[in-house]
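Chains as they are written, first to last, in the working numbering: chain A, 1 to 553; chain B, 1001 to 1247; chain C, 2001 to 2108.
None of these hints come from the bench; they were simulated from the model.
Where is the CB? At the ideal position from N, CA and C, for every residue including glycine.
Take these hints with a grain of salt, some might be off.
To give an idea of the chain B side of the interface with chain A (calculated C-beta under 7 Å), a few residues [to be verified]:
hint	residue
1	F1040
2	F1057
3	A1059
4	V1129
5	V1139
6	H1141
Only some residues are given here: those of chain A computed to face chain B with a beta carbon under 8 Å [said to hold, decoys possible]:
hint	residue
7	K17
8	L21
9	P221
10	G239
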Amino acid sequence: MSTIVILPDQTTATLPKVSYLNKEYGLKSWLLTGDHKRIAVLYMISITFFFFIGGAMAGLIRLELLTPPSDLLAADTYNKVFTAHGIIMVFLFLVPSVPATIGNFLIPIMVGAKDLAFPKINLLSWYLYVVAGIMILCVLSFGGVDTGWTFTTPLSTHYLNTHVVAAGLAVFVAGFSSIFTGLNFIVTIHRMRAPGMTWFRLPLFVWSHYAASILMVLGTPVLAITLVLVVLERTIGIGVFDPTKGGDPLLFQHLFWFYSHPAVYIMILPGMGVISEVISTFSRKRVFGYTAVAFSSVAIAVFGFFVWAHHMFVMGISSYSALVFSLLTMLVAVPSAIKIFNWSATLYKGSITFETPMLYAFGFLGLFTIGGLTGVFLGSMGMDIHLTETYFIVAHFHFVMVGGMLMAYLSGVHFWWPKITGRMYPEGVSKLAAVITFVGFILTFFPQFLLGYLGMPRRYAAYPPEFQVLNVFSSAGASVLGVGYLLPLLYLTWSLKYGKIAGPNPWQATGLEWQIQSPPLTENFVETPIVTHEAYDYEWLESKKGSEVPTVG
Amino acid sequence: MDSHTVAAQTAEAAHTEHEHPAFLRHHFASVEQQRETATFGMWLFLLTEIMFFGGLFCAYLIFRNWYYPAFVDGSHSLHIWAGTLNTTLLIVSSFTMAMGVHASETRMRKALVGWCIATIILGCGFLCVKAYEWHDEWVEHHVPGLNFSPEGFMKVNPDYPADKPLQLDMAEKTQVYFSLYFAMTGMHALHMIIGVSLLTILTIRAWGGAYTSGHVAPVENFGLYWHFVDIVWIFLFPLLYLISRHQ
Amino acid sequence: MAEAKHHDEPTHHEEHIVSPKVYLLIGAALLVLTATTTAVSYVELGDFNAVVALAIACIKMTLVVLFFMHVKYSSKLTKLTVGAGFLTFIVLITMTMTDYISRAWGRW
């Protein structure tokens, strides 16, 4: 199998003498850092930790669902488990996954800056994340919360005695972590681009993060006030969501989904940015239709604000309003589809190689397309009435979030691993893990489309026996998927010590981050770069290579 | 020579020629960039605040439509003199804060401190009036969830004798009005308290001369925050206090 | 669209210091508008009371934003940012209202 990887001579190569990793030593230098790269690493460790806790919850769910009766977990406990899975995976993993790790690391470098606009706020963002995480762990230890990650009223405000307030406050804190990250990105991208780095020379990764950041800044505060109202409702009993006092439980859902729908775009857009970079690099071709892809990112962000009530079609909103939202939902699928078409066109007649990041990207293309299309089915009100609150919904969002976003995250982690650590991961076992993940994913989640279509409700610990076969497939797939996710944890850690030295540009990629050493210096650039070439300019790269002597160390 | 590579030195040389004051952070190339960036960051933060209060305004709009008579009666029970006074205090405090920014821009240290202290006093005045009002509402059993009683609204209001007393079911809805009243004025007051606290720190630093030697951004950006809190009140006042006062 | 900010001379708007006279004028206008809105609330206008009150509040807000917050003298980016914030707020209000307004219309 051919590869584009070119590594320096391993017998003489060493890591650079000075980099952001060894500039300063000691715990304080990490915990009080302003360096966006170190903060990215801190984030990477934290979200990996929470990912595996959320994954353990998923394991419990699939174990319970092996058999029809609720025999492993009592129904209330099962509710707590899937709530924990949802809250952790959405707020503590998916929302910060690419932006807080890869985004934090790369945005300043990609625009040609020394750091993000507000380094201290960046660090504050991480601390808020950690506090939120600790609060969630406390909630779990003290008995959990069983409202579902959606905190739907009046269940969450009037009918439960679990730790709703603490969980709500934890999500509130996590929300501000997200807001500050987004704020930092927007300001950095607007105001700190290097000379010559015009908007349309930016990598599409930056455009995606810009769009996602707009959503973070404008959407998350509405979630914050919603959670405050839930807390007030539970503690003081103000009555805004209580029908007996004249309130409206649906108001909660309007305000909650006003954030939570844009949230799904917050989660996916950065992943789409990764895919743009990876597909271009491993096709040796500029992204087809740069402008279309850039504008479609912003379009997704804008349209994403207009469709939230498609989560509420059966909840009691007026049919007229539902009609409006259903029509608008059809519209929001278009920019995502544009991206898929453009990525496909990028592949066409490219020189494609199948390194691990590219394998994950291919997985993304197929699985996100399926997930996205099923989203269109669900956006159509007539279908949604039958499919909502069934496993069809569960399958839909796992296809886009796990098959889409998580694969994009892994693609990005592998793609920029050499830049972040200076070392390559082991290509053989990583390809194996990618394939295992893909197979495990399909086995886990495709049966759930069928289950949903056949009528199995979601969030149920027990189900009728006729659904068991498909559930067993799904649980079997989950164990394969678990292996697929565990492997990177192991071999990436291994590679920190034993991986091959990568050099500045093992992938022969364009982009400012590949023109500096791996790992980078704390200040990123020795001299401020002056940009004169377009994004994905492989001809420029070729001409540059001709006059370059590769040295490392 | 490859002119496309990560270029030589022009930015660095230009940078050392400008003044390099102590407050210039190293990831910025100039004081102008730092100042513009900080202001832009503050505006984005204010956007989050617009959306944060937005949820409350959304709730208010819906329930005012549903329970208009209850909202009228609830509004009539507030002291209009207190609301008008508070609005005046905040508008004047916005003026004094703007003057403070001006003093920072024109490097007048004592004037800056003076204007900041005036703003703090006016802000504290606002909070005192608010505290008085809230105490009053507590005494009248208008605090939702804690000691709320709709009885007062089922009798004739002496200040508004033409108001018909409410039936029980609509009288109970005044609790929704007061929930929103306390949520909105409470959230606003929290932002005022945070503002006054930050301003106190700024004033102390201003006394030491921190903001009258070119480093205007902190005062300017705090000013933006303060004006925003004023704008929220500019909307809260008519929405909460001035519902159908004509009799 | 992008400029290399740190190579330009300080952009014009940073040097523009608003004069205290303007602040005084705007402050006075705001106080007058406050008195007006309080006074008008005592006049019977039916549904228009709310419209007038909100309109006056919007005018006051505009004055504060443009002059006290210097947006009149700020960059296009600042103006765009403020606009984006208001637009999103309007989207939240209006699209939520599509539900509440039409609930009583009955099923089709």
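Hints and how they fare:
no. : hint  : in the structure
1   : F1040 : holds (5 Å)
2   : F1057 : violated (10 Å)
3   : A1059 : holds (6 Å)
4   : V1129 : violated (23 Å)
5   : V1139 : violated (18 Å)
6   : H1141 : violated (14 Å)
7   : K17   : violated (19 Å)
8   : L21   : violated (19 Å)
9   : P221  : holds (4 Å)
10  : G239  : holds (6 Å)
The structure shown violates the earlier hints numbered 2, 4, 5, 6, 7 and 8.
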